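Guided by the hints, dock chain G with the ligand onto chain D, whose structure is given.
For reference, the chains in residue letters:
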Amino acid sequence: MGTLNTFPNLNDPDGFYEELLRLHEGLSEEESTLVNAKLVLILANHIGDRAVITEALTLARKSANVDQF
Amino acid sequence: MLANVKKIFEEPLYPYLRSVDQDENPPVQKPVIIIGAGPVGLTLAIDLALKDIQVVVLDDNEKVSFGSRAICFAKRPLEILDRLGVGEQCIEKGVTWSKGKVFFDERQVYDFDLLPDPDHKRPAFINLQQYYLETFLVQRLEKLKADGKPVEIRGKNKVTSIDQKDEFVILQIDTPEGAYAMQAQWVVACDGAASSVRSMLALEFQGRVFEDNFLIADVVMDAKFPTERWFWFDPPFNRGQSALLHKQPDNVWRIDLQLGWDIDKEAELKPEKVKARVQKMLGDDVKFDLEWVSIYTFQCRAMENFRHNRVIFAGDSAHQVSPFGARGANSGIADADNLAWKLKLVLDQLAPEELLDSYVEERVLAARENILNSTRSTDFITPKSKMSGIFRNAVLELAEQSEFARPLVNSGRLSVPSVYDKCSLTGKDHPDMPAITRPGAPAIDAPVDKKWLIDLVGNDFQLLAINTKVPDMLQVNEICIKSLIIEATDIVRQRYLGNAKSAVYLLRPDQHIMARWLEFDEQAVIQEIKRITRYSGRGN
Ligand SMILES: Cc1cc2nc3c(=O)[nH]c(=O)nc-3n(C[C@H](O)[C@H](O)[C@H](O)COP(=O)(O)OP(=O)(O)OC[C@H]3O[C@@H](n4cnc5c(N)ncnc54)[C@H](O)[C@@H]3O)c2cc1C
Numbered sequence: 001m002g003t004l005n006t007f008p009n010l011n012d013p014d015g016f017y018e019e020l021l022r023l024h025e026g027l028s029e030e031e032s033t034l035v036n037a038k039l040v041l042i043l044a045n046h047i048g049d050r051a052v053i054t055e056a057l058t059l060a061r062k063s064a065n066v067d068q069f
Numbered sequence: 001m002l003a004n005v006k007k008i009f010e011e012p013l014y015p016y017l018r019s020v021d022q023d024e025n026p027p028v029q030k031p032v033i034i035i036g037a038g039p040v041g042l043t044l045a046i047d048l049a050l051k052d053i054q055v056v057v058l059d060d061n062e063k064v065s066f067g068s069r070a071i072c073f074a075k076r077p078l079e080i081l082d083r084l085g086v087g088e089q090c091i092e093k094g095v096t097w098s099k100g101k102v103f104f105d106e107r108q109v110y111d112f113d114l115l116p117d118p119d120h121k122r123p124a125f126i127n128l129q130q131y132y133l134e135t136f137l138v139q140r141l142e143k144l145k146a147d148g149k150p151v152e153i154r155g156k157n158k159v160t161s162i163d164q165k166d167e168f169v170i171l172q173i174d175t176p177e178g179a180y181a182m183q184a185q186w187v188v189a190c191d192g193a194a195s196s197v198r199s200m201l202a203l204e205f206q207g208r209v210f211e212d213n214f215l216i217a218d219v220v221m222d223a224k225f226p227t228e229r230w231f232w233f234d235p236p237f238n239r240g241q242s243a244l245l246h247k248q249p250d251n252v253w254r255i256d257l258q259l260g261w262d263i264d265k266e267a268e269l270k271p272e273k274v275k276a277r278v279q280k281m282l283g284d285d286v287k288f289d290l291e292w293v294s295i296y297t298f299q300c301r302a303m304e305n306f307r308h309n310r311v312i313f314a315g316d317s318a319h320q321v322s323p324f325g326a327r328g329a330n331s332g333i334a335d336a337d338n339l340a341w342k343l344k345l346v347l348d349q350l351a352p353e354e355l356l357d358s359y360v361e362e363r364v365l366a367a368r369e370n371i372l373n374s375t376r377s378t379d380f381i382t383p384k385s386k387m388s389g390i391f392r393n394a395v396l397e398l399a400e401q402s403e404f405a406r407p408l409v410n411s412g413r414l415s416v417p418s419v420y421d422k423c424s425l426t427g428k429d430h431p432d433m434p435a436i437t438r439p440g441a442p443a444i445d446a447p448v449d450k451k452w453l454i455d456l457v458g459n460d461f462q463l464l465a466i467n468t469k470v471p472d473m474l475q476v477n478e479i480c481i482k483s484l485i486i487e488a489t490d491i492v493r494q495r496y497l498g499n500a501k502s503a504v505y506l507l508r509p510d511q512h513i514m515a516r517w518l519e520f521d522e523q524a525v526i527q528e529i530k531r532i533t534r535y536s537g538r539g540n
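Protein sequence lines, in the order shown, are assigned to chains D and G. Heads up: the first sequence begins at 1 in my numbering, then just goes up one per residue. Heads up: the second sequence begins at 1 in my numbering, then just goes up one per residue.
Bear in mind the hints are in silico, worked out from the structure with no lab data behind them. Here the structure is a predicted model, which is why all the values come from computation and not from measurement. For each residue, glycine too, the CB sits at the ideal point set by N, CA and C. Please note that the accuracy of each hint is not assured.
[Stated by the list, open to error] Label pairs and their calculated CB-CB ranges:
1) G/107 to D/17: 32 to 40 Å
2) G/107 to D/31: 17 to 25 Å
3) G/251 to D/26: 46 to 54 Å
The following block holds chain D by itself, in its conformation from the complex:
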């Protein structure tokens, strides 16, 4: 399996983004980090396909402008 969808897939990008920011409103940096961590776990479980997740992890790390892991 595998092949991460790297093309636009959200039908409401601005709405999603707004909701994502709202999720963190009023949280300390520490609380926000925990919430983000939970979000990663929830979404990863929903995707389920390990190969897709690996592609997503690689993509995320790449754009952090550091060496591959």
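Chain G with the ligand in isolation, oriented as in the chain D frame:
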């Protein structure tokens, strides 16, 4: 050493006795010498003795191991111990358990039940102090010796040097009455994680040390806690750290308290300090005595190769894991199980000595699996970066509300047997049959005519025929293959047939499956046996 020490630690179980070999010049030669009478060396010695291979076990001590060591023994090692005649005693003395709870902060996050499966003779786990297991093994060895089997154990015999020749090995041994030498065709170093044999041969032992300390205490108490494995992450009584509570026989409880890296070990080991910590954990009204207290730093390390010519490494000397997952002694016992029959075939000249490399291939695979599992558990339990701590807490908080996160909680992945997938002795598979019994896997137990399948196989090569026929006995290159013919019950069908109507399984003396077919085919069996008798390391 603290209060309430039991006699069993103190009693010299195999006291030094002078052997006639000490006066021999030139030195005597033995087929096999085992260095170290821990669980692994003793298991191997019993297995070899049952196969009528002359074996001497040397240990620098004369007592069973003391202190807080292994407590959890898994089903597969129990089956191996059964094959060697020690399983029943372990079960009788041990505490059988299957339930556990995981706590985070002050809350229970979830509980689990490893569900005792009524269709297996042995439970998933028992808890038993390592000193009991060693006592039972020593007693079994002494019984075999009394019955005339060629086995003996020599206390206070410390191996001080090793010299490898082409055809044999020379050992120098220190005793209370001075030094002597012996030769061996094969030496098995079961001398533990700090293996002196490994050092004498200047071999590497590489891996990871986890920068953390654990206070391990065995306490004696009459407590109402249930027979369950309780694990805490960040509990109020040990903030920012982890803790474990688990029951052993004789009202002894194992307590693990993570302490962190920068600590004053000596201060932490003071009885008052330990008692205060334990009291805080158990509650003010619980009365207890300390049996043993130690501080451990855990590591995961392994040798690259477990065989160096005529010296073979088994157990902790070859691989060491952190205790989360109880994979140390459990996998060491499996090492012995794997090695004994191969040594027997080599000594009987029925197989080339290269067959011993299949021990290395299979048990290195197992060691890697165990190290991977216990490293992952240790990383979850003792997060080493801020972010890994955040993910750990995220998992624990989610696990409380949502089932999906529970499999991510890792307080130790308990020992399971390794399957020798893609190894050179692993033979022909059949696509219609279930994966759990594929070649390379250990035989899976099942009830058969009021007996247990696992008791009906082992010690020899064996054909297991289900709903079909095989000859009573088969002789291939002087290797004798026994037969067992059974009718499939639902459980046998589920575990061994799958979608197939019948099956013939070829089992090794260690109860691992070599190959399987729909029907008996003598030529096919001969081909599989040749993997062993003409071992080349490549399979056939
Ligand atoms: C806190 C703790 C908890 C654990 N819990 C578990 C668990 O629940 N389940 C599990 O399976 N494992 C567990 N383990 C691991 C387990 O204790 C080891 O894996 C096991 O003891 C290894 O057995 P061994 O026979 O390889 O070596 P050892 O038990 O270390 O025995 C080695 C023997 O060799 C002898 N020796 C050494 N050098 C020489 C020499 N030069 N000459 C002669 N003799 C020598 C020593 O005296 C010793 O008797 C735990 C370990 C610890 C520390």
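Quiz prompt | Broken hints, by number | solution = The structure conflicts with no hint, since it agrees with every one listed earlier.
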